[in-house]
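> Put the two chains together into one complex, using the hints given.
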Amino acid sequence: MAHEQASLLLSRQLKELNKSSVDGFSAGLIDDDDLFKWETVIYGPPETLYEGGMFKAHLIFPKEYPHRPPKMKFVSDMWHPNIDQEGNVCISILHEPGDDKYGYEKAAERWLPVHTVETICISVISMLADPNDESPANVDAAKMWRENFEEFKKRVTKTVRKSVEEL
Amino acid sequence: MGNCFKSSNNDDISLLRGNDSHDSALEPTPFVEPPPPYRTQPELQNRMPIYHPSPGVSRTATQLTEDEQIKIAQRLGLINHLPTGKYDGTNRKAKECVICMNEFCFGEQLRFLPCLHTYHKECIDDWLMRSFTCPSCMEPVDAALLTTYQTS
Chain A
1 MAHEQASLLL SRQLKELNKS SVDGFSAGLI DDDDLFKWET VIYGPPETLY EGGMFKAHLI
61 FPKEYPHRPP KMKFVSDMWH PNIDQEGNVC ISILHEPGDD KYGYEKAAER WLPVHTVETI
121 CISVISMLAD PNDESPANVD AAKMWRENFE EFKKRVTKTV RKSVEEL
Chain B
1 MGNCFKSSNN DDISLLRGND SHDSALEPTP FVEPPPPYRT QPELQNRMPI YHPSPGVSRT
61 ATQLTEDEQI KIAQRLGLIN HLPTGKYDGT NRKAKECVIC MNEFCFGEQL RFLPCLHTYH
121 KECIDDWLMR SFTCPSCMEP VDAALLTTYQ TS
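Chains A and B, in that order, give the protein sequences. For the first sequence, position 70 (counting from the first letter as 1) is numbered 70 according to UniProt numbering, and the numbering increases by one without interruption. For the second sequence, position 51 (counting from the first letter as 1) is numbered 51 according to UniProt numbering, and the numbering increases by one without interruption.
Same shape as in the complex, but just chain B (with noise of 0.2 Å):
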């Protein structure tokens, strides 16, 4: 809300100073001129999506070594085998998601992990990027995966 009264105003006001010779011959100068290179990279980077090959390690993904894109490309497909589902209230236990504390709710993307544990899926997923092992319990997830093969 308050964005948008803040964008309308300053509408206003640059079309005020157009009418006006003197400013509007300054004015459009500081909107022309490119950012400065030492803000665009940290933008640019922000957008990049970052990895953690290790613990403490952060790179995007030109940044990553070959072993590095072999084990977090391999880390996506595992994370991609994991059952999701949209939550519908039915849910045996799970009602809350502990990485945000968050009750669920109707129509939320869920991801649910081998040891039965759920959470919503943008949360556990961008979790297990870091850790491949369950919040609640420290279950390995790739044992807990090799497991459910195994048995099903």
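Only chain A is shown next, with the shape it has when bound in the complex (with noise of 0.2 Å):
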């Protein structure tokens, strides 16, 4: 039954970003036949470090989406403070829903049921263009961008020029 629901509601999204594109990135299955596993391309958003990248992303669904959050980990090379080493994209919307004990996060900046493709997307660019360096999953990106911005500089534009020869 939930596993119906998802589906339905992925590949609605499918046949949507197919339709009409949104600015900024594109999407679509990794195998055809798997609507739970996107790949989607993010670009670099123009006038930041990040400015003319291609980065390639995967995106997995559970089961249970839109009741649980995606994954999502970058293919491409990245150096950002909140994406980690492996490319495992830490924001907070793709955090499991519900409040936390500890109080870190509250439900609302949480995962909603709202969320889809596009909206993963739009907040992972606006993440690029506006590193959050409190809680950061790439700790020594985190440094970087605070006590040695050129270096962080080099490190991005490395990144993005990879990031075009690989696609």
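If you are wondering where the hints come from, they were derived from the structure by calculation, not from laboratory data. A couple of the hints might just be wrong.
What the hints assert, rightly or not - Negatives, chain B to chain A, calculated, CB over 10 Å:
| hint | residue |
| --- | --- |
| 1 | Pro55 |
| 2 | Gly56 |
| 3 | Thr60 |
| 4 | Thr62 |
| 5 | Leu64 |
| 6 | Ala73 |
| 7 | Leu76 |
| 8 | Ile79 |
| 9 | Lys86 |
| 10 | Tyr87 |
| 11 | Thr90 |
| 12 | Glu103 |
| 13 | Cys105 |
| 14 | Pro135 |
| 15 | Pro140 |
Stated by the list, open to error - For lysine-lysine, the following DSS-like pairs were computed, each having C-alpha atoms within a straight-line distance of at most 30 Å:
| hint | chain 1 | residue 1 | chain 2 | residue 2 |
| --- | --- | --- | --- | --- |
| 16 | B | Lys86 | A | Lys63 |
| 17 | B | Lys121 | A | Lys106 |
| 18 | A | Lys63 | A | Lys37 |
| 19 | A | Lys63 | B | Lys71 |
| 20 | A | Lys158 | A | Lys71 |
To be verified - Derived list of chain A stretches under chain B, where covered just means 3 residues or more per stretch with a C-beta under 8 Å from a C-beta of chain B:
| hint | region |
| --- | --- |
| 21 | 7 to 17 |
| 22 | 128 to 137 |
Bear in mind the structure is a predicted one, so any value in this text is a computation, not a measurement. All C-beta atoms, glycine included, are put in the ideal place defined by N, C-alpha and C.
Written out as structure tokens, the structure is:
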């Protein structure tokens, strides 16, 4: 039952994204037979260090979607405070729903069942433009961003170039 | 449809094989044999309701701690307090459930939240067991419930 709802929702999103593209990213299935595994290409937002980059990322949805969030992982090399060394995206809207007892994040900041491939990609684009260094997934990147911005810039420029070469 | 055809096909084959003395002796064994234990367990768990006492935690009723049982019982009680109704086409603005993105159909069970957002009962009840927050306005439902009690 839950599985069917997820497939239906994801196939509808696929149809809509195929019909009219959204600025800033493109998205499709990794394998045409599996609605739960998506590949997206995030375009580095203009006027940021990531401008010109075409970063490939995978979105893996659970069977309980939309009640549970997908996981997002960049396949392209990334250098960003909120993306860990393996490429996993760490933003609050992708965190499991509910109030955690430690109160780090309010329920409203976490996953909501209204999120779609589109809203997730848009959040990731704004994350690229505006890193959150309060809870970094890549501590080294966060430290470099704060303390040695020139070096950070160089590192990101390298990933931008690499992402285009690999595409 | 496809399933119906399949099952009747299977029946025909088994009947035909039943006439054959060699096969009839061999055939029944795989059906009589109980499924291996590793198979029965996930099936059993699938039938038992799964609860989500805190983010990222999924447990069956028997696996819950006492505190979690209390929390879930309270949550179920609060959800049952929220008004429900059937869609009759006269609903002010809501025409679609933003969780499943389907339009409401006549006679479907709806749940009305205190913030005046409306969803399919099935869609929102599942969500509220995970997070007691309105998916549209992100208002905590318990806070909104309290204010409606205070004003009414």
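> With reference to the structure, classify each hint as holding or not holding.
Each hint, compared with the structure:
| no. | hint | verdict |
| --- | --- | --- |
| 1 | Pro55 | 4 Å, violated |
| 2 | Gly56 | 4 Å, violated |
| 3 | Thr60 | 15 Å, holds |
| 4 | Thr62 | 20 Å, holds |
| 5 | Leu64 | 15 Å, holds |
| 6 | Ala73 | 16 Å, holds |
| 7 | Leu76 | 15 Å, holds |
| 8 | Ile79 | 14 Å, holds |
| 9 | Lys86 | 20 Å, holds |
| 10 | Tyr87 | 18 Å, holds |
| 11 | Thr90 | 24 Å, holds |
| 12 | Glu103 | 12 Å, holds |
| 13 | Cys105 | 15 Å, holds |
| 14 | Pro135 | 5 Å, violated |
| 15 | Pro140 | 7 Å, violated |
| 16 | B:Lys86 with A:Lys63 | 28 Å, holds |
| 17 | B:Lys121 with A:Lys106 | 24 Å, holds |
| 18 | A:Lys63 with A:Lys37 | 11 Å, holds |
| 19 | A:Lys63 with B:Lys71 | 25 Å, holds |
| 20 | A:Lys158 with A:Lys71 | 25 Å, holds |
| 21 | 7 to 17 | holds (count 3) |
| 22 | 128 to 137 | violated (count 0) |
When each numbered hint is compared with the structure, violations occur for hints 1, 2, 14, 15, 22.
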